[in-house]
Amino acid sequence: MSLPLENDTYLSIVNRCEGLYKVKGSKHYAYAFPVSSEEEIKEKLALIRVEHHAARHHCYAWRLGHDASRFRSNDDGEPSNSAGPPILGVLKSNSLTDVLIIVVRYFGGTKLGVGGLIDAYRTASSIAIKAGDIVELQRTQEYSVTYPYDKMGDVMNVLKRAGISPSLTDFQLTCRLELTVRLRDSESLHKKLKDIDMVKVELL
Numbered sequence: 032m033s034l035p036l037e038n039d040t041y042l043s044i045v046n047r048c049e050g051l052y053k054v055k056g057s058k059h060y061a062y063a064f065p066v067s068s069e070e071e072i073k074e075k076l077a078l079i080r081v082e083h084h085a086a087r088h089h090c091y092a093w094r095l096g097h098d099a100s101r102f103r104s105n106d107d108g109e110p111s112n113s114a115g116p117p118i119l120g121v122l123k124s125n126s127l128t129d130v131l132i133i134v135v136r137y138f139g140g141t142k143l144g145v146g147g148l149i150d151a152y153r154t155a156s157s158i159a160i161k162a163g164d165i166v167e168l169q170r171t172q173e174y175s176v177t178y179p180y181d182k183m184g185d186v187m188n189v190l191k192r193a194g195i196s197p198s199l200t201d202f203q204l205t206c207r208l209e210l211t212v213r214l215r216d217s218e219s220l221h222k223k224l225k226d227i228d229m230v231k232v233e234l235l
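The opening residue of the sequence shown carries number 32 in the numbering used here; numbering runs sequentially from there.
It should be emphasised that the hints constitute simulated quantities derived from the structure, not laboratory data. A couple of the hints might just be wrong.
Said to hold, decoys possible - Distance condition first, Cα-Cα at most 30 Å in a straight line; then the derived DSSO-like pairs of lysine-lysine:
| # | residue 1 | residue 2 |
| --- | --- | --- |
| 1 | K75 | K55 |
| 2 | K161 | K123 |
| 3 | K161 | K142 |
| 4 | K58 | K73 |
Take these sequences, add in the hints, and give me the full structure.
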């Protein structure tokens, strides 16, 4: 299924951001990270568990992919659905993906109840997100373009009109370029390059 051209952007965050929410003596430390894989998520979780080794609960949620098709939440010992899902809800309400939020709780002596926990985890997560910078990212497609040296001018003219600079160039008897193209422009550019005689365009 092809993606509508107007949907080739998505929202994420720029870098690690933090928040702290205190209620009835309990402290909820929230951390949000930009992430691109489950392996990176595991690394961030391990990092926070070391930073807060004395805490009993390291609850989290994440979403991955331009369409947030991969996601997960974890209550880490808190009552069912009182921590992970509220954190995930903050990611959804802010339309964020490729983001991990971890909330570390230190018990303050007064039980919050399920409703109180839900509110605390949601609030802490929101504070962390508000402390960071949300950025709109573009989906892109990468191409390898090969062509004879005498086709250089034709290829470069197409790229110049499209406002695209190669990320890699290798000018030999047979030339090769690598391009990163915004998704909505990729089909048109691909066709224009393929229409040049003896030009080969391949997906990377």
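Hint check results:
| no. | hint | verdict |
| --- | --- | --- |
| 1 | K75 <-> K55 | holds (28 Å) |
| 2 | K161 <-> K123 | holds (14 Å) |
| 3 | K161 <-> K142 | holds (27 Å) |
| 4 | K58 <-> K73 | holds (23 Å) |
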